[in-house]
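**Q** In order, the protein sequences belong to chains A, B and C. Residue numbering for the first sequence is 112 to 393, as defined by the working numbering. Residue numbering for the second sequence is 57 to 427, as defined by the working numbering. Residue numbering for the third sequence is 521 to 952, as defined by the working numbering.
If you're looking for bench data, these hints aren't it; they were derived computationally from the structure. Owing to the predicted nature of the structure, the values given are computational and were not obtained by experimental measurement.
No farther apart than 25 Å at their CA atoms in a straight line, the calculated lysine to any residue pairs in the SDA-like style are these:
| id | chain 1 | residue 1 | chain 2 | residue 2 |
| --- | --- | --- | --- | --- |
| 1 | C | 546 | C | 632 |
| 2 | C | 752 | C | 795 |
| 3 | B | 265 | A | 281 |
| 4 | A | 218 | B | 263 |
| 5 | C | 563 | A | 179 |
| 6 | B | 339 | A | 377 |
| 7 | A | 323 | A | 223 |
| 8 | B | 375 | A | 367 |
| 9 | B | 282 | A | 380 |
| 10 | B | 265 | A | 270 |
| 11 | C | 717 | C | 788 |
| 12 | A | 160 | A | 224 |
| 13 | C | 525 | A | 314 |
| 14 | C | 632 | A | 315 |
| 15 | C | 796 | B | 349 |
| 16 | B | 265 | A | 280 |
| 17 | B | 375 | A | 358 |
| 18 | B | 223 | A | 201 |
| 19 | B | 282 | A | 379 |
| 20 | A | 218 | A | 270 |
| 21 | B | 375 | A | 360 |
| 22 | C | 752 | A | 122 |
| 23 | B | 339 | A | 370 |
| 24 | C | 691 | C | 650 |
| 25 | B | 265 | A | 224 |
| 26 | C | 563 | A | 142 |
| 27 | B | 162 | B | 233 |
| 28 | B | 339 | A | 355 |
| 29 | A | 343 | B | 194 |
| 30 | C | 632 | C | 715 |
| 31 | C | 632 | C | 667 |
| 32 | C | 632 | C | 727 |
| 33 | C | 796 | B | 332 |
| 34 | C | 637 | A | 179 |
| 35 | A | 331 | B | 219 |
| 36 | C | 923 | C | 911 |
| 37 | A | 343 | B | 195 |
| 38 | C | 781 | C | 905 |
Each chain, written out:
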Amino acid sequence: MHIVVTIKQVPDTSEVRIDPKTNTMVRGGVPSIVNPDDTHAIEEAVRLKERHGGRVTVLSMGPPQAIAALREAISYGADEAVLCSDRGFAAADTLATSYVLWAAIRKLDEEEPVDLVLAGKQAIDGDTGQVPPGVATRLGWPQLTYVRRILEFDPQARRIRVERLADGGIELLESRLPAVVTVGREINEPRYASLPNMLRAARYQPRIWDRKTLNLDETKIGLRGSPTIVSKVWAPPRRQRPPVIMLSHGDRDPDAVAADLLDRLIADGAFDWAPTPAPAAR
Amino acid sequence: MAGHAPAKTEQLPDFSDYRGVWVHIHQRDGVAAPVGWQLLGRAREMAEVLGCATGAVVVGHQVRHLADQAIHYGADVVYVVDAPVLALYRTQPWALAVSQVVQQYKPEIMLFGSTNDGRDLAGAVATILQTGLTADSTELSVDPETRILHASRPDFGGKLMSTILCKQHRPQMVTCRPGVFPAPQPDPTRQGRIVEVPFELDESEIPTKVLDFLPEEKKVDLSTAKVIVAGGRGMGGPEGFAMLRDVAEALGAALGASRVAVNAGWISYEHQVGQTGQTVRPKLYIACGISGQIQHQVGMQDADIIVAINRDPNAPIFKLATYGIVGDIFEIGPAIARRARELRARFAQQQPAAEGAREPAAASPSGSSTA
Amino acid sequence: MVAEKFDVVVVGAGLAGTAAAYTLAKAGVKTLLVERGDYPGSKNVMGGVIYRQPLEKILPGWWREAPIERPVAEESIWILTEDSAVKVGYRSERFAEEPYNAFTVLRAKFDKWFADKAVEAGAVLVTETVVEDVLRHNGQIVGVRTNRPDGDIAAHVVIAADGVNSLLSQKVGLHGELPPDRVALAVKEIIQLGTQKIDERFTLENGEGATIELFGDATLGMLGYGFIYTNKDTLSVGLGVLLSQLIARKVTPNYLLERFKAHPMVRRLLADGEQKEYMAHLIPEGGWPQIPPLYAPGYLVVGDAAGMVNGAFREGSNYAAISGKLAALTAIEALERGDFGRAMMARYVERLQESFIADDLAGYSRLSRFAHQNPHLLTAYPRLLCDAAHALLTVDGTPKRLKFAEIVRKALRQRPPLALARDVAGALRARP
Ligand SMILES: Cc1cc2nc3c(=O)[nH]c(=O)nc-3n(C[C@H](O)[C@H](O)[C@H](O)COP(=O)(O)OP(=O)(O)OC[C@H]3O[C@@H](n4cnc5c(N)ncnc54)[C@H](O)[C@@H]3O)c2cc1C
Ligand SMILES: Cc1cc2nc3c(=O)[nH]c(=O)nc-3n(C[C@H](O)[C@H](O)[C@H](O)COP(=O)(O)OP(=O)(O)OC[C@H]3O[C@@H](n4cnc5c(N)ncnc54)[C@H](O)[C@@H]3O)c2cc1C
Ligand SMILES: Nc1ncnc2c1ncn2[C@@H]1O[C@H](COP(=O)(O)O)[C@@H](O)[C@H]1O
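All chains, full assembly: derive it from the sequences and hints.
**A** Take a look at the structure:
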């Protein structure tokens, strides 16, 4: 049994500051963390391993610093880690990211067949949730996103059953393995790593794969392989509100105030049930 | 995340065979998700700028009635992919269906709602089509010269906006946040074309089965409400909220609340507005007994009109308000409800005669006529 | 369950602990460094001046690659009353040239870098892990217990570098909780101002930095001082005051800091700044005689945990680093001999006594005792000095000679000749 968990190292957005002059993110000093949803994916994988035996490999695409994120995953109980890192991977959008991850998962699958890919439902830096569907589509494996519970996981029968947070309700889905499953914080409570795992993580050296190892098409990676580009980043204009119009300072009869308020709101076109104000009325 | 490109003049491929601004109309059991109609409104406006047609894609089984509705909401052409295997939403067959229509009829822009299902589907479709997908956009505009879509989205909790382009690939795909774009008034007299697209896929080729669906209890969807009446600590308890509920009903409004009121158990969490609750953008927000702390403000500051009713003339909410009333909500609230009912009764009588009056409230998506 | 056995476990990845771990790892000793914060430095507060020399003895040329903020070219002392200041400063071009004398640093960055060096040298670093107790066997300390599952670690030597008020040493029984007249409470803010404004307001160029220490009204005359240090584009602003005096005067450190920042002499340096971080921390007001026992069999205490701070000269980090190194050397010797008993551990204190630390701290201790015994020093003299300066510099037709006489008369009214003489003599004796 082999589970791959894709994880991303992200800046802790709760600590990100924006430079008001340049409108850029001040990254200096902002700690990097494992994308929160991904910690739940790791935990779910480790729980499945504890029940079914086998191995958990964590996989990330990112700069060399992302080794810290992979080590953290090892401390939670993952067995092995692989970092896809190459200057050429920089500035990848979700399409180019899913291409690299797809190639890496295929390689892992050749080493030892993969039964399941677990991913976070979205990354807090881009908030897209697009990478896992990209990976699943490329692999041709079923994708089960926004899963809140894995009800059954049977690598022998190659079957999985999950509860999915669909629009408007909960879906009970059954699918084939291997599959790609994305999860969020509803699914479990990540454990506190044991000291032996912490020590293992502190010394762990992940394998590092670049575009040559993965034999990738240069036109599909990094900036070149990314159809979307950020053309500008800007601060949304602060809405300038006119000064408040005080209808009462606590000195008017409530019914008179109510009548005054509703007349004004109707004139402003606030209610569907009132006639549209004639333009001259204002 | 999108790539960060250095600005350089680049040759754009000839995309003249790609025309039209399309929207995916998501549906379950033949009922369309409101975000589809919201996006059709914006698609129509952009199609006018570009001088092209508005398209809608409806996937499912026995969903033709949605095609008519899509035309009423602004579609010129509706592509319907209707097949038994498409009856329930499943990523793989739906992604194939949408991709097929796109490959065959070539829109330049394709919009989805950024709900769980919408993101699930759009992510697969964009990968099949090998094109760019921008997530969770809240602002859309098109450049009539280059025909490039500028899709903007908030980053870092709304502190910044990023504008994302997809220049070298078609269609330009975007998922858009529900509740941001107003749904147009449907026009039952609008005419359009319906194209039925054949779809072949055997059930045995589909890896996933839907065993069951448990609909959620109807969620309080404040994000689409046009009028919200919200209460805070000043409501004093559940009885205060009972009074407020009556005010909301009289105004045809939804009910919101501050965290204090939710934490106290006076009203359920679905009603909470603010940083840890919902972000709302109604036409009118009436804050009753709410002081207007920053965490509350960030959830409602985009309302067009804000009314503050508070005993304390120094409450910060007055800095934000359009109209301010210093007073006791237990006096002002009932007076508003009385007056609103009076007015609505009067308008209902005038209705048949009133020239230029809006449609009856029942036909509008959020209004209610339960006066 | 014992997770693993190390030669040495170092508790706390501050300057003292990391210096120890680095020295050990360099010598090929199997070393574990345990830190409770998210990363080394994440919980560390420092006003931020580090001298070059002492660290050179551990990591030669450290300042060339460490994340420093600015080399210090000017150091000043301001003596404040409510509305005036006497300013004494020294600036030297030589301080602004390599290899420099001192640097301002932000510990969150610096400690992380330093710990990375220890890891590169071969130490194993575990973060987000709290050491809760030591493991004992036959009166010998033989490891630590952490708060993690399966969290025991065996070791020949445990080095406690867990900072002020060392909980570990309390567990070992070397001392109790620090009394309030032995610790200062420090509060500090990082204020974002921008490089250009900082350069202009402190008359700096080419990345050089300045430090100001402010006495008198800065702390409402309480024992302690305020400080302003220039970082690259921020200021470290804060103050430290003896805890017992804060308690006696019933003022909160927060109030003091706000008051300090609003002082007319300080306000204009900080204007338009944006507060980025706020931190509070204790500083041991040690001094050599007051230092608690520093060892037990298999156990050594270093840095703030050992009370090695010279409050008047803000050199805690030097002592921390050097004591860490000396403890490491002691552990290395112990490992070589296979002897972890009391006598072997006592070699650490011998090493300290041979170093400049003991001498410095003894001096500081005299000064600190003098200051404790003469609480008027930080109230009476600032007034005296400022009044004198004010009178002297006011041009009002009074001849200078008469002015001097007036100043002396006033001064003597405030501090009679005998008291004045006692203060001067005391200060001379207490000179570090
Ligand atoms: C991390 C974090 C997240 C948070 N997220 C949210 C969030 O999502 N949403 C949110 O709302 N809050 C949130 N808060 C809480 C927020 O800071 C405020 O505490 C909260 O909004 C205050 O609610 P309130 O205005 O109802 O209560 P108060 O601030 O107590 O105000 C009550 C007001 O009612 C007025 N009043 C009292 N009696 C009457 C009367 N009879 N008639 C008229 N007026 C009366 C008072 O004058 C007062 O102004 C969050 C806080 C934190 C720290
Ligand atoms: C406001 C202020 C300004 C100062 N200014 C200066 C200055 O300008 N120059 C100067 O040289 N000195 C200055 N000092 C003093 C200096 O900061 C300290 O002397 C120095 O940091 C001591 O280093 P340390 O390694 O002994 O302790 P610390 O730096 O306090 O490190 C102790 C470490 O141990 C960790 N820890 C504690 N308990 C445990 C546990 N149970 N398990 C695991 N880890 C644990 C802590 O998280 C911390 O990282 C200042 C101090 C303050 C408060
Ligand atoms: N660079 C990456 N490396 C590994 N996994 C990633 C990467 N980017 C995204 N993912 C995975 O895809 C999930 C959703 O991310 P996103 O699509 O960026 O919102 C994450 O939670 C990860 O599991």
